[in-house]
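6 protein chains.
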Amino acid sequence: MPSPSLDVLAIAAHRDDVEQTCGGTLLKMAGLGRRTGILDLTRGEMGTRGNAEDRQREAEAAAKILRASWREALDIPDGRVENTWENRLKVARVIRRTRPRVVILPYWKGRHPDHYTASKLGYEACFLAGLAKLDIDRALNSQQSAFSHVASAVASVVAGEQQTSGAKPHLSAAEFGTTGSRALPGGAESTRDLPAGADTASLMPHRPFKIIYATLYYDVRPTFVVDITDQFEARFESLMAYKSQFSDQEAGKDIFPARAEIRARIEAMARFYGMMAGVTYAEPFLQKEVGLVEDVTAIPVKSI
Amino acid sequence: MPSPSLDVLAIAAHRDDVEQTCGGTLLKMAGLGRRTGILDLTRGEMGTRGNAEDRQREAEAAAKILRASWREALDIPDGRVENTWENRLKVARVIRRTRPRVVILPYWKGRHPDHYTASKLGYEACFLAGLAKLDIDRALNSQQSAFSHVASAVASVVAGEQQTSGAKPHLSAAEFGTTGSRALPGGAESTRDLPAGADTASLMPHRPFKIIYATLYYDVRPTFVVDITDQFEARFESLMAYKSQFSDQEAGKDIFPARAEIRARIEAMARFYGMMAGVTYAEPFLQKEVGLVEDVTAIPVKSI
Amino acid sequence: MPSPSLDVLAIAAHRDDVEQTCGGTLLKMAGLGRRTGILDLTRGEMGTRGNAEDRQREAEAAAKILRASWREALDIPDGRVENTWENRLKVARVIRRTRPRVVILPYWKGRHPDHYTASKLGYEACFLAGLAKLDIDRALNSQQSAFSHVASAVASVVAGEQQTSGAKPHLSAAEFGTTGSRALPGGAESTRDLPAGADTASLMPHRPFKIIYATLYYDVRPTFVVDITDQFEARFESLMAYKSQFSDQEAGKDIFPARAEIRARIEAMARFYGMMAGVTYAEPFLQKEVGLVEDVTAIPVKSI
Amino acid sequence: MPSPSLDVLAIAAHRDDVEQTCGGTLLKMAGLGRRTGILDLTRGEMGTRGNAEDRQREAEAAAKILRASWREALDIPDGRVENTWENRLKVARVIRRTRPRVVILPYWKGRHPDHYTASKLGYEACFLAGLAKLDIDRALNSQQSAFSHVASAVASVVAGEQQTSGAKPHLSAAEFGTTGSRALPGGAESTRDLPAGADTASLMPHRPFKIIYATLYYDVRPTFVVDITDQFEARFESLMAYKSQFSDQEAGKDIFPARAEIRARIEAMARFYGMMAGVTYAEPFLQKEVGLVEDVTAIPVKSI
Amino acid sequence: MPSPSLDVLAIAAHRDDVEQTCGGTLLKMAGLGRRTGILDLTRGEMGTRGNAEDRQREAEAAAKILRASWREALDIPDGRVENTWENRLKVARVIRRTRPRVVILPYWKGRHPDHYTASKLGYEACFLAGLAKLDIDRALNSQQSAFSHVASAVASVVAGEQQTSGAKPHLSAAEFGTTGSRALPGGAESTRDLPAGADTASLMPHRPFKIIYATLYYDVRPTFVVDITDQFEARFESLMAYKSQFSDQEAGKDIFPARAEIRARIEAMARFYGMMAGVTYAEPFLQKEVGLVEDVTAIPVKSI
Amino acid sequence: MPSPSLDVLAIAAHRDDVEQTCGGTLLKMAGLGRRTGILDLTRGEMGTRGNAEDRQREAEAAAKILRASWREALDIPDGRVENTWENRLKVARVIRRTRPRVVILPYWKGRHPDHYTASKLGYEACFLAGLAKLDIDRALNSQQSAFSHVASAVASVVAGEQQTSGAKPHLSAAEFGTTGSRALPGGAESTRDLPAGADTASLMPHRPFKIIYATLYYDVRPTFVVDITDQFEARFESLMAYKSQFSDQEAGKDIFPARAEIRARIEAMARFYGMMAGVTYAEPFLQKEVGLVEDVTAIPVKSI
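Residue numbers (this note's numbering), protein chains in the order written: chain A, -8 to 295; chain B, -8 to 295; chain C, -8 to 295; chain D, -8 to 295; chain E, -8 to 295; chain F, -8 to 295.
Keep in mind that the hints were calculated from the coordinates and are not lab data. Treat each hint with caution, since some may be false.
Derived pair list, reagent style PhoX-like, types lysine-lysine, alpha-carbon separation capped at 20 Å [to be verified]:
# : chain 1 : residue 1 : chain 2 : residue 2
1 : E       : 111       : C       : 293
2 : F       : 293       : C       : 100
3 : A       : 111       : A       : 293
4 : F       : 293       : D       : 279
5 : D       : 100       : D       : 279
6 : A       : 111       : A       : 100
7 : B       : 293       : C       : 293
Here are the in silico distance ranges between beta carbons for each label pair [what the hints assert, rightly or not]:
#  : chain 1 : residue 1 : chain 2 : residue 2 : range
8  : E       : 210       : D       : 51        : 51 to 59 Å
9  : C       : 220       : D       : 286       : 56 to 64 Å
10 : F       : 250       : E       : 254       : 16 to 24 Å
11 : A       : 196       : B       : 52        : 47 to 55 Å
12 : E       : 200       : A       : 285       : 37 to 45 Å
13 : B       : 254       : D       : 212       : 24 to 32 Å
14 : E       : 212       : B       : 100       : 53 to 61 Å
15 : B       : 195       : D       : 36        : 43 to 51 Å
16 : D       : -5        : A       : 234       : 26 to 34 Å
17 : F       : 293       : B       : 253       : 50 to 58 Å
18 : D       : 39        : E       : 48        : 42 to 50 Å
19 : C       : 102       : D       : 209       : 26 to 34 Å
20 : E       : 212       : C       : 220       : 29 to 37 Å
Just so we're clear, the structure is a prediction, and the values are computed from it rather than from any experiment. Using N, Cα and C, we set each Cβ at its ideal position, and we do this for glycine too.
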């Protein structure tokens, strides 16, 4: 049974990014009855602390706190988010499956290359997802089988053997770099990523109506903010659900000060953006389009 | 009886400015049941065609078309809108009298000095209007009587006479430059501008909640636009109500082409801004504050 | 016989882009006796309506209306314009063959990824085309034959056969992703794209003198505009030559309103940019360099 | 005895502005042995709470907390800071008397007109103060006596009396608007503002070496910040010294929450700017000049 | 006999400004047969070296070198260029007398307040000059006589005398601040500034076609530059004609190094702007309007 | 023996780039006792004049003049600097080996694609170099051996032979495009680039503290400049060490004028940036972070 469409899909590079940038907004949307989802492009294997499995469990816990209806991770390598055709197809596939009205992407500038690349990758995937003539699965399979075949063939020759159909190639496809296939058959995560054929009915063209950019960045002026005063505490808890990221840090120290320091920073940022709009806590966003106002007497935020 | 507060007050330098920049929005607001008003800072005596009286009649006709509840003109000289203390007090006085929630000002850049100066003057008047300790009438009278006295005194001495209280000074106050009084006693326009003492009760401090900038300017990107598809024709008619401005132009020519050319330009601009937001006709505005969004799934304007 | 150099070459992603952005300028240049050309990077196979063959015929018809001396399409996949080494070589090859003085590229921002990527691809191809030591055909053949060989070898092994020189690989090269060869031998379009060796004499290094950016985009201020008042109607007809794009749209409706709506938008944009410079219709452009003025009394466009 | 030069002079419109924008920096400079001063342009008579006398006492208490060597207030009307010749002369006079190396001005944009006007007024006064041929006292006296004479003369005539030299004019000079004299002879504040002739020796031309802009404004990126982690508490206390501003606010409520709310905002801002530079609390500044770096390995603030 | 119109009028605050910003362009225009003029707003009385008379002689010598057809100075006080109604009228009067097609103003930002204020004053004067209903002489006389009368009257009263028509007021009008008259009767300079009534025929409304901004400022990107390679030496000589400015500086030192240092700086700036456009020496300008290009193959300045 | 860390590493695309952008700064840092290094990404084989060997000798001579402690070149193809995973790993490897505190990159905009791509590539390599879990050599070997194997296998099949381990592939890896290995075994340059295993100890994670951007570009305002007045002549000599670049140019002409012209341009630029900060010669830089100032009285560069 195909799942219903999402109202909002937040796409980010790493498993705790959304919790830091737009988690309050996702929770607020859930409170308004919207279905929200989170797509993490990578699985956190490059993180200094913890491993991909720890982070998956934590991500699921965080998703519950944020009341997200859907969360998955792609298998793009951590620290190597690239805007390739294959990655665009993978993200576009998720967009067709989840059919969101609004996509939240990371801001297109940032300190971490994975963040700003995820922004561009996500945008172009939204575009691809809407092309009526694009058969994503076929394109993705061509892309992957071609490389898989090359790898297999080469491996066979290298090994002095005849290639057997379906044999696992000796060289991992993952070693082929930017265009190599990284879809691991049968993995728990990829199962969700590559649904069965019956699901293909859901892969109809879909283009999100709106794309906004979450910008928890220090020196850019947001287009608008979302009041998360009522969601702030839960949003903070969703970040704290990443125990592997924060408990190691606390090892050998008093646990509370470290957590207090993190909280102080998170709070300062939320309050700073809140003050811009006259509310207590807020999350900042950018949009590229101009606004459209129906009633000028209803525009919020005091001018003077 | 003090008149009820306005929901929206549009302030502009000249009597047909509002019709060209935010007339559609005013009409739309009236359609939503809002009370709207227009303050013209000058009376059009410098216009190449027509005179102040013609333009007053035309302004009243245009206001009717735009369904404005209130329209007045100050006596600031046309071509010489200056951001003086006295002018700020005069505008602040109107803001206290009309108590608008939203003030629409001209954009702070522009070709015509009256336009960009009106923007700054209007902003600072909004600020003054909210100062609890400022008695505007007293400040305005001090300002005006001081100059009036100087003028009178000098005139008397020059004329070799004793100054008689209430006597009309021989030198018009208007000749005293930037700070000189230009309030003409008994004039039809100034009556409305200087209400009787009973009205003073309405001169309580008031600061508008919102200030937005109407920017019918070719090369600035608006913060938002207002869809005026349904108001476009009436807005155009409100501009055409300024017959003194458009009929001279037509003298000696076929009247329709001239009007057609004006209409083509007006339409191209409204359509251009409409296209930005996916509607047919729109008027562009800037605001200085960030936005505040309650539901990200309700943000209009398609992204992609 | 090598064809004479072009004065202006417009490069765009899709077959009807040039008609919407700089078609009037191309026609005006032709009227001044300049030789103009159009390079479409893709062939339109992803377009919702019509197919590549339809679009080729339409593009030729449009080129006639615009009086272009030269028009070709590359085989870059529609919806997947990427700034790869191979694509840069392909575009650089066209620049060496056509030797334009001025290259018109799409603006470097935009809604459609193909558009902004075409801008960067085109710029870097202009750079490459001027490198004296770069043998483009050799570089392109290396690039393509390497992949072709890989594909063939793999195909052979997969099929359990010995590879036969010249045999068509079983796996289409097109499936190799960003770096795969997409040159289809013997195709009508590629014939024009890959001229015979005799033409190699024309592949001398060439760098365009000037690169300008056509920017039919709603919210960017152009550096300059070109008056296309006299070319506007023909430019509109060149767009209407894409019947596959516009006639489907009209099916089941009154044909004129749809066309009228398109025309109204096209006209509003052209008029908007025209008003910026005091002419009726214009097309907007950006350039990165500062201007150089010989006579300040001859600078057009009224200031005040 | 002329007082020694100041190292830093902070100029602001209102008596508690400096405490909110650069108080921590002033205190830090004092800790480094620098002599600091504060010039408040107005005396706070328009403030909703308290009066000018209260605010003077509070300003002195705050100055002690910030360890400022010097603090004075000019008599420019609160809510009416204007960039007039007379005001420029008054500020320039203070600059010549205090001879600062660095002047801190408010940022040139802002919500409050007094703030942004103070920025321009302060800048132009720094310029005037350095003009060798400008005799500020003579210029100021001319300016003031001319108006004083006009006022007196007029007053006499109005009153039907002969003017007596030195008699106090019946019309307060303060009523003459932008250029009227507001120097009240013998007032406690003006004594400090108008030193005796012996002090004139100190009125030699002086131009500050450096002008920087304190910008506690929500949406502008600072050029640099100053780490005030060690000064943060004292800076907050200096603001709390303005009891008339903060105790009224607390009347009828639990006093602590109100103060806690103020503190939370102040802290969020300081922490936000601190995070930009990797310190706990900071104050933001803009400068117009480029920087000059002697040792690139000594540039602070981590990049990545 | 009214003098013929100017093609170009450069307006600047001080007598050697034009020589440093657009002198090469003026000379080049003269070489193309254009009539050029220079309006200096002030007379240099605040300059550290020399006096107004020296500077007048030097300005005339410099004008000869630059082959300017016309040069005058207004009587606006040096160091106090203000954008007042009176000053705007004075400059507008010059614009009507000289009727330039192009006006060159200083850039609207700068270190010296006189420079950026001159930019705004000049712009608004261009606007006023075109108002058909504005009688500049009448407006200017009203303005001046009003103040003159006030001054005279007051002076009389102060002195206990009856005012005698035409008597020289005891208080110089110059002491009245921003709006006081500074027209010195009978001065050589004011004679040129206030032509006889016969000349009034030339005071017909006139608005320049084009306003450009000379921007010899270090960190702004020009819109365009003018190649002054052939004019560079003469332009440098026109600056050196200000002996009072440069010979004092050299007193007590080797004259050549000082001059060499000035030349090195002037040359570096001219060369820097020249490099932007591929020429040896150039002067930079800004314009606010978009450009209008007739032939894209004729756009100068290499892109790549 | 592992070499000591560098204080400053300048990364540029071509062998004479550093000499033109930040050579003076490198020399100045050496004079302050800092260890400096230069990484050239390419070897200059596309240069119009000379060849890679000439340029290597010249680069070494220039490095001596600039007193650099370390200089190497990578084997990225000249004219084809791409931001690939492999190139990022190669640069990251150098960063781990040299462990610089400060990295100087080219400005992120520019005329030459190699320059702006080097900027992004260098930034992302700095990021990768700091990832604790990234084993660069393993990642690089996987990347390279995968492609090498493919190439070998294919070559074997094509040639109808059995692949022999270690045999040189018939198809140069360099032909595989953007991701192909270009590491030539045993080459003098690659020896330095690929140190023996003993050196692996030095490949610990390392992230530079500071990244700044050298911007010898005409129309961008630098964040700061470095005074190179004392280094200017030596810096110019370091550029002149590239005899292959400058002697051809002089062939058939008087050698001095050509050199004089180059010097004049270099000098004009250095002087222009020097004037911004009140010194004779300077080099311009951008940084993305805000500054952090300890003592506001010590900020250099006069404001007024």
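Cross-check of the supplied hints:
1. 111(E) x 293(C): Roughly 18 Å between the alpha carbons, so the hint for residue 111(E) and residue 293(C) holds.
2. 293(F) x 100(C): 39 Å, violated
3. 111(A) x 293(A): 34 Å, violated
4. 293(F) x 279(D): 10 Å, holds
5. 100(D) x 279(D): Roughly 14 Å separates the two Cα atoms, so the pair holds.
6. 111(A) x 100(A): Judged against 20 Å, a Cα distance of about 10 Å means the pair holds.
7. 293(B) x 293(C): 36 Å, violated
8. 210(E) x 51(D): 51 to 59 Å: 41 Å, violated
9. 220(C) x 286(D): 56 to 64 Å: At roughly 60 Å between Cβ atoms, residue 286(D) and residue 220(C) fall inside 56 to 64 Å, so the hint holds.
10. 250(F) x 254(E): 16 to 24 Å: 21 Å, holds
11. 196(A) x 52(B): 47 to 55 Å: The hinted range 47 to 55 Å holds for residue 196(A) and residue 52(B), with Cβ atoms some 52 Å apart.
12. 200(E) x 285(A): 37 to 45 Å: 43 Å, holds
13. 254(B) x 212(D): 24 to 32 Å: Check failed, 44 Å falls outside 24 to 32 Å.
14. 212(E) x 100(B): 53 to 61 Å: 19 Å, violated
15. 195(B) x 36(D): 43 to 51 Å: The hinted range 43 to 51 Å is violated for residue 195(B) and residue 36(D), with Cβ atoms some 19 Å apart.
16. -5(D) x 234(A): 26 to 34 Å: 59 Å, violated
17. 293(F) x 253(B): 50 to 58 Å: 53 Å, holds
18. 39(D) x 48(E): 42 to 50 Å: Given range 42 to 50 Å: violated, Cβ gap about 59 Å.
19. 102(C) x 209(D): 26 to 34 Å: Given about 30 Å between the Cβ atoms, the range holds.
20. 212(E) x 220(C): 29 to 37 Å: For residue 220(C) against residue 212(E), whose Cβ atoms are near 31 Å apart, the range 29 to 37 Å holds.
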